[in-house]
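Peer 1: These protein sequence lines are chains R and S, in that order.
Residues 1 to 292, numbered by our numbering, are exactly what the first sequence covers, in order.
Residues 1 to 128, numbered by our numbering, are exactly what the second sequence covers, in order.
Worth flagging that the hints you see were computed from the coordinates, not collected in a lab.
Using N, Cα and C, we set each Cβ at its ideal position, and we do this for glycine too.
Please note: incorrect hints may appear among the correct ones.
[What the hints assert, rightly or not] Computed spacing ranges between beta-carbons, pair by pair:
no., chain 1, residue 1, chain 2, residue 2, range
1, S, Glu-25, R, Gln-202, 47 to 55 Å
2, R, Ser-101, S, Val-57, 33 to 41 Å
3, S, Gly-72, R, Val-169, 21 to 29 Å
4, S, Lys-15, R, Arg-232, 54 to 62 Å
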Amino acid sequence: MTPTEYEYLRKFLKDNSGLDLSADKQYLIESRLLPLARKAGLSGIAELVQKLQAGSRQLITDVVEAMTTNETFFFRDKVPFDHFRDTIMPEVIKARAGKRSVRIWCAAGSTGQEPYSLAMCLKEMGAALTGWRVEIIATDLSQEVLEKAKAGVYSQFEVQRGLPIQMLVKYFKQTGETWQINPELRAMIQHRQLNLLHDFSQFGTFDVIFCRNVLIYFDQDTKINIFNRLARQIEPDGFLVLGAAETVVGLTDTFRPIPDRRGLYKPNDPRAAVAKPVLAGAAPRMAVMAGR
Amino acid sequence: MKTCLVVDDSSVVRKIARRILEGLEFEVTEAEDGSKALEICKRQLPDAVLLDWNMPVMDGFEFMGHMRRLPGGDQPKVVFCTTENNVAHIAQALSGGANEYIMKPFDKDIIADKFAEVGLIPVGQAMV
Numbered sequence: 001m002t003p004t005e006y007e008y009l010r011k012f013l014k015d016n017s018g019l020d021l022s023a024d025k026q027y028l029i030e031s032r033l034l035p036l037a038r039k040a041g042l043s044g045i046a047e048l049v050q051k052l053q054a055g056s057r058q059l060i061t062d063v064v065e066a067m068t069t070n071e072t073f074f075f076r077d078k079v080p081f082d083h084f085r086d087t088i089m090p091e092v093i094k095a096r097a098g099k100r101s102v103r104i105w106c107a108a109g110s111t112g113q114e115p116y117s118l119a120m121c122l123k124e125m126g127a128a129l130t131g132w133r134v135e136i137i138a139t140d141l142s143q144e145v146l147e148k149a150k151a152g153v154y155s156q157f158e159v160q161r162g163l164p165i166q167m168l169v170k171y172f173k174q175t176g177e178t179w180q181i182n183p184e185l186r187a188m189i190q191h192r193q194l195n196l197l198h199d200f201s202q203f204g205t206f207d208v209i210f211c212r213n214v215l216i217y218f219d220q221d222t223k224i225n226i227f228n229r230l231a232r233q234i235e236p237d238g239f240l241v242l243g244a245a246e247t248v249v250g251l252t253d254t255f256r257p258i259p260d261r262r263g264l265y266k267p268n269d270p271r272a273a274v275a276k277p278v279l280a281g282a283a284p285r286m287a288v289m290a291g292r
Numbered sequence: 001m002k003t004c005l006v007v008d009d010s011s012v013v014r015k016i017a018r019r020i021l022e023g024l025e026f027e028v029t030e031a032e033d034g035s036k037a038l039e040i041c042k043r044q045l046p047d048a049v050l051l052d053w054n055m056p057v058m059d060g061f062e063f064m065g066h067m068r069r070l071p072g073g074d075q076p077k078v079v080f081c082t083t084e085n086n087v088a089h090i091a092q093a094l095s096g097g098a099n100e101y102i103m104k105p106f107d108k109d110i111i112a113d114k115f116a117e118v119g120l121i122p123v124g125q126a127m128v
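If we strip away everything but chain R, and leave its shape as in the complex, we get:
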């Protein structure tokens, strides 16, 4: 790959997905895009770049999907799910006792392990949520990934990562070499395609937002912009959950960390968020992605 081709792909990915690759990620691009180029009948990265420059819409989508990482497993990092069970839900159950409804958003739901892990946590709470309306919305950039999440079918390898064996037996049905999550849990989740660079106000407000391990791929301005828009979609007493390597500290005052609960944040006064300017340059990105 020539330096010119690399620079083109870097800028292309930045503009189309917000993915912010540093100058030394040639191996990453090659490992993800070479197989894709071959599959499309192209000779290599050079020809792929030519096709992108010519504006091949299908290829644009394929390249963005291939470059967006989807490493995920059930109950990933464990601690956030302990917080969900021991801190978040008890507070939500108390605060929403009147209307008996809770809305949860997995903003980088990927292949479904995170939303299904939350669904299992909620099921395990049993009687505490009887008669409650529980909504989980799982969004992801990639249509292919969403289809997999919707089907809820996992390989033997996937169900052995992070998932306690009792939960596997209780909530999955085995079909040959694969395991499918029960219809009752699948019905708890709505899957929607969303690029976090785009407007997401149509999803309404949430009591809990899980937005883990996705913002690390964005540059600082984009992160700030997303935090500020997340702040408008969260109830004033709601919770934001970030990944282990992520924080709002030093980026925005729309959220504050909860002491002794790593990864857990509360919104500050939402009016502070509205005053922040929207990220310049968002408009042309939206135009490119609108065709997806």
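Could you slot chain S onto chain R? The hints should help.
Peer 2: Only chain S this time, still in chain R's reference frame:
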């Protein structure tokens, strides 16, 4: 240092498991069937048992029953590790006193995850 008894009739599997478990800082002993494993347990119980199901002389399920009845035999964490990958076997193992269950083939990540699940190693270590 925690101890783990690896019980499997395949010397290749024992060797792979040993390498993974030593990487997770376990002191490893090996047995090639349930009967030999039981002899080891009668002398000294390990902290963990990584247990195959189908073996000559005494299978893993029968071994677990005997071991659980030894004085202090309720203490070791038993993690099955077998090609028996159906719900009936898993349910049988759990009701017979197993703590976790690995369906072969396995790798380092799966062993680390399952061992973290039953508290044999800290959660953070499973992610290394």
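Peer 1: Given a hint of 33 to 41 Å, does the C-beta separation of Ser-101 of chain R and Val-57 of chain S actually sit inside it?
Peer 2: violated (59 Å)
Peer 1: May I ask you to test the hint 54 to 62 Å on the CB atoms belonging to Lys-15 of chain S and Arg-232 of chain R?
Peer 2: Given about 57 Å between the Cβ atoms, the range holds.
Peer 1: For the hint 21 to 29 Å, verify it against the beta carbon of Gly-72 of chain S and that of Val-169 of chain R.
Peer 2: holds (28 Å)
Peer 1: I want to verify a distance hint. Is the separation of the beta carbons of Glu-25 of chain S and Gln-202 of chain R within 47 to 55 Å?
Peer 2: The hinted range 47 to 55 Å holds for Glu-25 of chain S and Gln-202 of chain R, with Cβ atoms some 50 Å apart.
Of the hints listed earlier, the one the structure fails to meet is number 2.
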